[in-house]
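There are 2 protein chains.
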Amino acid sequence: MVASGAAAGSSVGGAPGEEASFISALKSEVLTYTAMNGLLMLESSDEVGLVHVPVSLLPAMAVPRGLFEEVRALAEPFNVLVERFASDPVAIKETLAAAAKQDEFTRDLIRVYDAVLGGPRPSVARKNLAVNRSDYMMDQQSQRLLQVELNTISSSFGAQSTILAQMHRQILSKFDFLRQSHRGLWPGGSLLEESEDAASAQSRVPYQDTIGDIVDAFAAAAGEYRGSRGSALGPGGAVVLMVVQDDERNVMDQQILEQELWRRHGVRMERRTLAQVAEEATLGEADGILRLGDSREVAVSYLRAGYSPADYKGAEEWEARLMLEQSEAFKCPSIAYQLVGSKKIQQYLAEEGALERFMGKGEESASLRRCFASLWGLEDLGDPKTKEVIDHAKKNPHLYVLKPQREGGGNNLYDEKLREALEGEGDLSAYILMQRIVSPMHKSYLLRKGECVNADTLSELGIYGVYLCDNGREIINKCSGALVRTKLASSNEGGVTAGFSCLSTPILH
Amino acid sequence: MVASGAAAGSSVGGAPGEEASFISALKSEVLTYTAMNGLLMLESSDEVGLVHVPVSLLPAMAVPRGLFEEVRALAEPFNVLVERFASDPVAIKETLAAAAKQDEFTRDLIRVYDAVLGGPRPSVARKNLAVNRSDYMMDQQSQRLLQVELNTISSSFGAQSTILAQMHRQILSKFDFLRQSHRGLWPGGSLLEESEDAASAQSRVPYQDTIGDIVDAFAAAAGEYRGSRGSALGPGGAVVLMVVQDDERNVMDQQILEQELWRRHGVRMERRTLAQVAEEATLGEADGILRLGDSREVAVSYLRAGYSPADYKGAEEWEARLMLEQSEAFKCPSIAYQLVGSKKIQQYLAEEGALERFMGKGEESASLRRCFASLWGLEDLGDPKTKEVIDHAKKNPHLYVLKPQREGGGNNLYDEKLREALEGEGDLSAYILMQRIVSPMHKSYLLRKGECVNADTLSELGIYGVYLCDNGREIINKCSGALVRTKLASSNEGGVTAGFSCLSTPILH
Numbered sequence: 001m002v003a004s005g006a007a008a009g010s011s012v013g014g015a016p017g018e019e020a021s022f023i024s025a026l027k028s029e030v031l032t033y034t035a036m037n038g039l040l041m042l043e044s045s046d047e048v049g050l051v052h053v054p055v056s057l058l059p060a061m062a063v064p065r066g067l068f069e070e071v072r073a074l075a076e077p078f079n080v081l082v083e084r085f086a087s088d089p090v091a092i093k094e095t096l097a098a099a100a101k102q103d104e105f106t107r108d109l110i111r112v113y114d115a116v117l118g119g120p121r122p123s124v125a126r127k128n129l130a131v132n133r134s135d136y137m138m139d140q141q142s143q144r145l146l147q148v149e150l151n152t153i154s155s156s157f158g159a160q161s162t163i164l165a166q167m168h169r170q171i172l173s174k175f176d177f178l179r180q181s182h183r184g185l186w187p188g189g190s191l192l193e194e195s196e197d198a199a200s201a202q203s204r205v206p207y208q209d210t211i212g213d214i215v216d217a218f219a220a221a222a223g224e225y226r227g228s229r230g231s232a233l234g235p236g237g238a239v240v241l242m243v244v245q246d247d248e249r250n251v252m253d254q255q256i257l258e259q260e261l262w263r264r265h266g267v268r269m270e271r272r273t274l275a276q277v278a279e280e281a282t283l284g285e286a287d288g289i290l291r292l293g294d295s296r297e298v299a300v301s302y303l304r305a306g307y308s309p310a311d312y313k314g315a316e317e318w319e320a321r322l323m324l325e326q327s328e329a330f331k332c333p334s335i336a337y338q339l340v341g342s343k344k345i346q347q348y349l350a351e352e353g354a355l356e357r358f359m360g361k362g363e364e365s366a367s368l369r370r371c372f373a374s375l376w377g378l379e380d381l382g383d384p385k386t387k388e389v390i391d392h393a394k395k396n397p398h399l400y401v402l403k404p405q406r407e408g409g410g411n412n413l414y415d416e417k418l419r420e421a422l423e424g425e426g427d428l429s430a431y432i433l434m435q436r437i438v439s440p441m442h443k444s445y446l447l448r449k450g451e452c453v454n455a456d457t458l459s460e461l462g463i464y465g466v467y468l469c470d471n472g473r474e475i476i477n478k479c480s481g482a483l484v485r486t487k488l489a490s491s492n493e494g495g496v497t498a499g500f501s502c503l504s505t506p507i508l509h
Numbered sequence: 001m002v003a004s005g006a007a008a009g010s011s012v013g014g015a016p017g018e019e020a021s022f023i024s025a026l027k028s029e030v031l032t033y034t035a036m037n038g039l040l041m042l043e044s045s046d047e048v049g050l051v052h053v054p055v056s057l058l059p060a061m062a063v064p065r066g067l068f069e070e071v072r073a074l075a076e077p078f079n080v081l082v083e084r085f086a087s088d089p090v091a092i093k094e095t096l097a098a099a100a101k102q103d104e105f106t107r108d109l110i111r112v113y114d115a116v117l118g119g120p121r122p123s124v125a126r127k128n129l130a131v132n133r134s135d136y137m138m139d140q141q142s143q144r145l146l147q148v149e150l151n152t153i154s155s156s157f158g159a160q161s162t163i164l165a166q167m168h169r170q171i172l173s174k175f176d177f178l179r180q181s182h183r184g185l186w187p188g189g190s191l192l193e194e195s196e197d198a199a200s201a202q203s204r205v206p207y208q209d210t211i212g213d214i215v216d217a218f219a220a221a222a223g224e225y226r227g228s229r230g231s232a233l234g235p236g237g238a239v240v241l242m243v244v245q246d247d248e249r250n251v252m253d254q255q256i257l258e259q260e261l262w263r264r265h266g267v268r269m270e271r272r273t274l275a276q277v278a279e280e281a282t283l284g285e286a287d288g289i290l291r292l293g294d295s296r297e298v299a300v301s302y303l304r305a306g307y308s309p310a311d312y313k314g315a316e317e318w319e320a321r322l323m324l325e326q327s328e329a330f331k332c333p334s335i336a337y338q339l340v341g342s343k344k345i346q347q348y349l350a351e352e353g354a355l356e357r358f359m360g361k362g363e364e365s366a367s368l369r370r371c372f373a374s375l376w377g378l379e380d381l382g383d384p385k386t387k388e389v390i391d392h393a394k395k396n397p398h399l400y401v402l403k404p405q406r407e408g409g410g411n412n413l414y415d416e417k418l419r420e421a422l423e424g425e426g427d428l429s430a431y432i433l434m435q436r437i438v439s440p441m442h443k444s445y446l447l448r449k450g451e452c453v454n455a456d457t458l459s460e461l462g463i464y465g466v467y468l469c470d471n472g473r474e475i476i477n478k479c480s481g482a483l484v485r486t487k488l489a490s491s492n493e494g495g496v497t498a499g500f501s502c503l504s505t506p507i508l509h
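In order, the protein sequence lines correspond to chains A and B.
All residue numbers for the first sequence refer to the working numbering, where the first residue is 1 and numbers rise by one.
All residue numbers for the second sequence refer to the working numbering, where the first residue is 1 and numbers rise by one.
Just to be clear, a hint being listed does not mean it is correct.
When chains are identical, the list treats them as one kind, so a pair holds in a single copy or across two.
Stated by the list, open to error - DSBU-like mimics (lysine-lysine), calculated; alpha carbons at most 35 Å apart, straight line:
{"hint": "1", "residue 1": "K361", "residue 2": "K478"}
{"hint": "2", "residue 1": "K443", "residue 2": "K93"}
{"hint": "3", "residue 1": "K101", "residue 2": "K449"}
{"hint": "4", "residue 1": "K313", "residue 2": "K27"}
{"hint": "5", "residue 1": "K478", "residue 2": "K417"}
{"hint": "6", "residue 1": "K174", "residue 2": "K478"}
{"hint": "7", "residue 1": "K449", "residue 2": "K313"}
{"hint": "8", "residue 1": "K101", "residue 2": "K27"}
{"hint": "9", "residue 1": "K313", "residue 2": "K174"}
Rather than coming from a laboratory, the hints here were simulated on the basis of the structure.
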């Protein structure tokens, strides 16, 4: 990893003396801050050794303040859009019908969804809690932020992005003296005014409290749950069940929420894999109460797993998921929310009139639509418009991305592989074709496993939205902070824990 | 390490089911808390991989509330005692004369001390800042806490002990439900009332803010320094210089102070080894101003190194130390304070009238004296009283400890090695003989590198005292929190970072 970084950029060891000593001081500050504030991940699955999460030393993504405010303003309407789409089972199943035929995972999810809707308490399907995250890239041509995808399940780094923003603000203040003499070192630095003071520089990294927003929403959901249970609530109280992957290395981002939920609200969070849920949890047939062990009732089911086929090793895991969905717990997210986050629905929403079906024809829809990239469905290869774009993509594969329904990084097809897939004989209905957003490259100092490289990078901006809604009664709808991931321009992959990209922050100008 | 633990106690894997599941939940809580709150140390000197510091899962040392308050009340008089002794160069040099003949390190320290006193600004020797820590063990026979030693240099774990106390208080509250059904699992548990509520149980782990007390004292010293410099203060401002060992693994305990000093007071702390000080720092001949690089002035020299001969690899390091001592910076500690913390002076103070020479004959001296263990000097082997105790120690080596002047763990002689030393021909004047305090053993759950063992252990209680005094003008004198270290009863060694002992907390009853 270090080697590829060094190949892609210039090694810091080669920097001129003054710059090198500035960067070395920054690196030491970052290693201290990450170690002391939970910006860590497991080194391996041995559960003990820790290493800092990959980060940029300084805020990496320069964003015009107006564009930043524009995408922030979309978080609440996106929350509403997901809720409205998810409340329309006919629309979900129609839209996903062709993809479900090709994609087994989509089929399985819809099967669970149908079981809930056809079960004894269909209204539990609409006890919705969401930590959504809409991801954007800067389109160099239009100079706009275009949506890459809308995550409705397991939107990660909400906790660590909050702490990283604190770190970058502290650095801009603490290194004020040095920063002023090194404005040219990083794109953000050259945006600062020559004599800009520390407080002003700091305020360019937007304040956020995504940790607080998420745990406040958990606590509010737990409060709703307790209210509905009243004196019937069991002796162990109501807990938040966090469903996790068993080989998770990025545990700190999850545990920060666990700790803060306890500190702020005295609400306990229990971590379990789907297999453990299958083993330990029970669902009351008469009342739909989900219990962990004998006593503790589950008020919220919070999924940091279950978005990938690999999370369902067998029938047990699917039964566990069904149990979660059929329970009276708030679902973060429900299976309907998860389905609405799929690529096919993203592509459908971009079709004429589709978004408007849920959000009307007013200014709100127009604003949402302005961030959409161009997207094409591939169900009907005989359709002249589809034929036309496929022909264009075969000739210009670098202008497109081919995305499968499946969630989780590493599945997209680019360049030659995209061309091969389009030229092949396979059915493409579980894929969507998307405009490849060409972003401006920028130099960043990236720190991974203690090794620092200065490299050409690309950045992606995520905006969190938190939402709580019980069968149409909206309780919380809030935009909540930003996440920047910065990756080497030479890589098509983007996973942070896997080491392909680094957490960073926006710097507004 | 794990193997020796398993040999000394019963492995947790062998515990009955309910207990094992309670301990497993505790362990997971502790791993989360330590990872997120800087209770970490470097796995090795590679500067990146981290692992939790060894800790006990629960407060390990049961202490009667009255005894705890008694030793807390000694912290301020001990601070004063150190200041008064350190202000009497004749007393220091007389007391250490015999030891200095035998011990090269003591001789070197006194040489630096003489150079400061004989230099152009002898008053800088009394710009004193102290983080003292008096360590006690429970004497089973007398049921009193007896002083093991008084640390005047590099008293470590002030920061991490504060965070560990927070962790143990949180555990007593969060695991309330489980704790009540497992009161018999640990000595502290059986002290709790049967139906004691979480808040009451929590309050048995004394609140402390040693982090705040230490950084407030640093900031006060920096303020005094800035006040005395006025408009002459250079552009980089006044910093705290933390002198560290180059292979330090316990960096987090130090960096927590660095971070908090910045957060609370906007005062910067710079970490340097003695060799780096020799290379980078300069001392103004005319004004005694110590500078790092060209601009930053050093307001406080804070030693987390320099207490062991190994920290002085050559003449450069000694020159660096002399530069620190001769500067106008506050010294934490000064060389005089360091000398007053030596074993020989501890033994001298226990002699009739010696303590009283500095503290008078009143109740204060009587209180201090009550915590003294029996100590004997070994300069005059012809003295009948010395002969008598040596004869007794040769026959009963298990009742004694033989301690060299040198600081840092691992140098004490016990049992057969003690007998051999006393029977040998060597000069013993650089050693003191001390009553071995026999403490009650207790079972503890210890967590080291993620492995949990339940073992017979012994605990030691440290009480911090913070002190700031400029040539007799006392500015701060404060008792500040507790440290418990718990070690396997089967080991004579006690280093936490080395893995021999674990950080813990007192539980009062």
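Okay, the hints, checked on the actual structure:
1. In this homomeric assembly, K361 and K478 come within 35 Å of each other (Cα to Cα) only inside a single copy, at 23 Å, whereas the closest approach across copies is 69 Å.
2. In the homo-oligomer, the alpha carbons of K443 and K93 never lie at most 35 Å apart, since the shortest distance is 44 Å inside one protomer and 60 Å across protomers.
3. For the homomeric pair K101 and K449, neither the shortest alpha-carbon distance inside one copy (43 Å) nor that between copies (49 Å) is at most 35 Å.
4. Only between protomers do K313 and K27 lie at most 35 Å apart by alpha-carbon distance; the minimum there is 28 Å, versus 41 Å within a single protomer.
5. Taking the shortest alpha-carbon separations for K478 and K417, neither the intra-copy value of 39 Å nor the inter-copy value of 69 Å comes in at or below 35 Å.
6. In the homo-oligomer, the alpha carbons of K174 and K478 lie at most 35 Å apart both inside one protomer (31 Å) and across protomers (29 Å), since each shortest distance falls under that limit.
7. Within a single copy, K449 and K313 get their C-alpha atoms as close as 32 Å, and across copies as close as 31 Å, so both meet the 35 Å cut-off.
8. With identical chains, the CA atoms of K101 and K27 are never at most 35 Å apart, being 51 Å at best within one copy and 46 Å at best between copies.
9. With identical chains, the CA atoms of K313 and K174 are at most 35 Å apart between copies only, with a shortest distance of 33 Å across copies and 49 Å within one.
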